[in-house]
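Novice: Sequence:
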Amino acid sequence: MQWHHKIVRLMGKPIGISFTNGQGTSGILCGISGGKLQVIEYLYQSQFALKQYDIYSIQDIHPFPNCH
Numbered sequence: 159m160q161w162h163h164k165i166v167r168l169m170g171k172p173i174g175i176s177f178t179n180g181q182g183t184s185g186i187l188c189g190i191s192g193g194k195l196q197v198i199e200y201l202y203q204s205q206f207a208l209k210q211y212d213i214y215s216i217q218d219i220h221p222f223p224n225c226h
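Residue 159 is where the sequence shown starts when you use the numbering used here, and the numbers rise one by one after that.
Errors might be hidden in some of the hints.
Within a straight-line C-alpha distance of at most 27 Å, the following computed DSSO-like cross-link-like pairs (lysine-lysine) qualify [said to hold, decoys possible]:
id, residue 1, residue 2
1, LYS194, LYS164
2, LYS171, LYS194
3, LYS209, LYS194
4, LYS171, LYS209
5, LYS209, LYS164
Calculated from the structure, these hints are not laboratory results.
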């Protein structure tokens, strides 16, 4: 679980998450609480959802790259 060292500097920033099952998602990192990572994700039109992911299901977290 090397990714947990990145949490503080990624708070409030766009991230990509890779899960242990091979899937992934992206959103804004909102926090971590009760063993769950909290991420706000875009749904459609003007709707967003705060989703929570169990920390044991996360393989790694990556910051979005800068635009060039």
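Novice: Output the numbers, in ascending order, of every earlier hint that fails for this structure.
Specialist: Result: no hint breaks.
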